[in-house]
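Trainee: Sequence:
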Amino acid sequence: MGALEGIRVVDVGLLVQGPQAGQTLRDLGAEVIKVELPGLGDMARWIPISMEDLRTPYFEACNRGKKSITVDLRVAEGANIFRKLVDTADVLVANFKPGTLEAWGLSYEALSKTNPGLIYAMGSTFGPEGKGADREGADLAGQAAGGLISTTGSDGEPPTPVGATIADHIGSMNMTVGILAALFSRNVTGKGQRVDVSLLGGQIYAQASEYTAYLMTGKVPGRSNGGHPLLPMAYGVLETADGYIALVGVLPDKRQALYEAAGVPELIEDERFAPIIYTTEIRQELFRLLADGFKAKTTDEWAAILDRIEVRYAPVNDYEQAASDPLVTTNNYIVELEDFNGETRRVVGSPIKMSDTPTSPSASAPELGQHTEEVLLELGYTWEQIGALRDLHAI
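Taken in order, the sequence shown gives residues -13 to 381; the numbers are from my numbering.
It is worth saying that the hints were derived from the structure and are not from the lab.
Check each hint, because a few of them may be wrong.
For lysine-lysine, the following DSS-like pairs were computed, each having C-alpha atoms within a straight-line distance of at most 27 Å [unchecked claim]:
(1) Lys339 to Lys53
(2) Lys83 to Lys117
(3) Lys83 to Lys70
Computed Cβ-Cβ distance ranges for the label pairs, DEER-style [stated by the list, open to error]:
(4) Gly85 to Asp228: 50 to 58 Å
(5) Pro144 to Thr284: 31 to 39 Å
(6) Val163 to Lys99: 24 to 32 Å
(7) Met(-13) to Leu40: 34 to 42 Å
(8) Met37 to Glu359: 32 to 40 Å
(9) Asp304 to Ile263: 26 to 34 Å
(10) Gly229 to Val321: 24 to 32 Å
For each residue, glycine too, the CB sits at the ideal point set by N, CA and C.
My request is simple: use the sequences and hints to build the entire structure.
Mentor: Listed below in structure tokens is the structure:
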């Protein structure tokens, strides 16, 4: 039994921010009913791996184990179905442009009149209020507006987007946290509430230390330059004979052993590297002097050395290497599951481990409208009414 057993979620989200929040709630045991536009569905269904491989990783990653129904909320009869469905739900998840659901008569105020316990979770790109909040956007807009891509890469290079939809994923996690807090509050007060999160707000919060440094000093921290602008120490990435390895800070009492292993023992006498922290320029010079020694050994050889001298590190894995890492497979961060066709597939598991109410990832995302009749029958519609709704293009 999952921690959220008995909780029903209606998910009308698109792409990643809303749907991944719904996915997390599903992994925690909730029933999640995904509402999609008839004939088209979530636009994530239309983002294939390539023109030759039409599988859809964005949709599969964020919608496994959900039920899918098709309802056109813009049609009066479709909006009525949606209201009936939401009346049976604990949580509504959406990430439309602010004002969209309100324009369709589906605001929190309207829906909570008949379901006062409803948790109405709304995600946006720029936030629910303010000039420009109603602009459309997606992950990269969050990364850009939140300042993240101004910090990546090196001085003199153009801003570099992160190679994952990180603003969307952080936005979904914030939405999940807000939903869980609202559910807990409802247990005390009996009342639901509206929860608002945004990609912009998530990016600011994800860089809380960096923004705090700016707010304290008035100085923008700057680019990462292969390390971190606020961590001017032996913190960054070095090339090895067969890849790369990340040093996660080297304490002063570990420096001599590191320098000896890299073939530059004389650095321990170099006063430039004596302070606990360095300037960015000194850190870059230190890494330049360590470079040849690190290139002389493989990543595995360096891992053994760094383990022995107790310096924190991690190999720089690509996805293939990470997916086969024993730490990943042992902890079920990637799992093998059987899909509804009986085929075994590898999927991303839950990062959350619970001792008494374990998470339960599913292997398969639903086909478009796969559960429409099932859900409508449960809501009390007859087969004749369902047929009429199809004729009206409401479902």
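Trainee: Now tell me, hint by hint, if it's right for this structure.
Mentor: Hints versus structure:
For the proposed pair Lys339 and Lys53, the alpha carbon gap of about 24 Å is at most 27 Å, so the pair holds. A C-alpha spacing of about 13 Å is found between Lys83 and Lys117, which places the hinted pair at or below 27 Å, so the restraint holds. Our distance criterion of 27 Å between C-alpha atoms is met by Lys83 and Lys70, whose separation comes to about 23 Å. For the pair Gly85 and Asp228, the supplied restraint of 50 to 58 Å holds, since their beta-carbon distance comes to about 53 Å.
Our hint of 31 to 39 Å for Pro144 and Thr284 holds, since their Cβ atoms are close to 33 Å apart. Under the hint 24 to 32 Å, the C-beta atoms of Val163 and Lys99, about 27 Å apart, fit the expected range. The given range of 34 to 42 Å is respected by Met(-13) and Leu40, whose C-beta atoms sit roughly 37 Å from each other. Take Met37 and Glu359: their Cβ atoms lie about 33 Å apart, and the range 32 to 40 Å holds.
For the pair Asp304 and Ile263, the beta carbons lie near 31 Å from each other, so the given range of 26 to 34 Å is met. Distance hint check: the CB atoms of Gly229 and Val321 are about 26 Å apart, consistent with the given range 24 to 32 Å.
Comparing the model with each numbered hint stated earlier shows that all of them hold.
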